[in-house]
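> As a plain string of letters, each chain reads:
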Amino acid sequence: GAGVSQSPRYKVAKRGQDVALRCDPISGHVSLFWYQQALGQGPEFLTYFQNEAQLDKSGLPSDRFFAERPEGSVSTLKIQRTQQEDSAVYLCASSLVLSSGNQFFGPGTRLTVL
Amino acid sequence: TQLLEQSPQFLSIQEGENLTVYCNSSSVFSSLQWYRQEPGEGPVLLVTVVTGGEVKKLKRLTFQFGDARKDSSLHITAAQTGDTGLYLCAVLVSGGYNKLIFGAGTRLAVHP
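Here the protein sequences line up with chains L and S, keeping their order. Per the working numbering, residue 6 is the first one in the first sequence, and the count goes up by one each step. Per the working numbering, residue 566 is the first one in the second sequence, and the count goes up by one each step.
Rather than coming from a laboratory, the hints here were simulated on the basis of the structure. This structure is a prediction, so every number in the text was calculated from the model and none was measured. Any given hint could be a false lead.
Label-pair distances were calculated between CB atoms; the ranges are [as the list claims (entries may be wrong)]: (1) L:Q22 to S:K624: 42 to 52 Å; (2) S:T646 to L:K19: 34 to 44 Å; (3) L:N107 to S:V593: 20 to 30 Å.
The beta carbon of each residue, even a glycine, is placed where N, CA and C say it ideally should be.
Let's have the full structure, built from the sequences with the hints guiding it.
Encoded structure:
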């Protein structure tokens with residue numbers, strides 16, 4: 006497809022379950038970002054990849070959050086032992102070059118932890 | 566304290582009205598971006614402003630960057646129902662790459 010895609014679009018998890026959220030960036034885009042958007046808030050930065058290298062994970066809220074991009078394209082955000090406060094929309098964005106200010110966002114995955 | 570304060574939080578108007586939303590900060594930025602986010606979708610970039618005092622127009626939308634590059638406004642003329650959505654301002658934090666810091670947004674509802 007032409008844009009960033011994310012799956013699943015919706016995920017309901019019981020507290021304590023592990024979840025994995027997938028992002029397919031635009032083909033050829035070097036940079037990939039994950040953001041977390043809580044209800045009624047703007048997106049907040051979680052982590053950044055340049056190709057397969059995770060260069061910034063300063064926004065990950067705890068060590069239960071883990072992200073990878075092993076081949077420099079598809080990325081997965083994993084949350085272990087989910088908690089209710091993890092409920093949010095998780096957005097993925099990609100950009101073509103390192104210094105580009107133009108990030109293209111996917112539709113997000115809405116995670117609800119019961 | 567948020568780096569970017571957006572006001573108002575919510576705005577409900579009738580089709581055809583004009584409106585202005587604001588994005589304020591005490592910090593100086595080299596550039597600022599505006600996004601629109603519709604329900605169930607990711608934010609979509611509307612404009613980037615880079616020069617103090619700059620005014621950019623996108624059809625019925627007028628964006629202004631403050632002279633001191635600390636604040637910005639978005640004015641919509643003759644709002645339409647299709648303008649409904651969450652309007653977010655954001656700044657790029659450089660460091661070899663550009664991560665975005667967003668405000669909390671203004672949620673706009675335009676009623677027919």
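> State, for the Cβ atoms of T646 of chain S and K19 of chain L, whether the hinted interval 34 to 44 Å holds or is violated.
39 Å, holds
> Between N107 of chain L and V593 of chain S, does the beta-carbon spacing fit 20 to 30 Å?
22 Å, holds
> Kindly confirm whether 42 to 52 Å is satisfied by the beta carbon distance between Q22 of chain L and K624 of chain S.
46 Å, holds
Against the hints set out earlier in the document, no violation occurs for any number.
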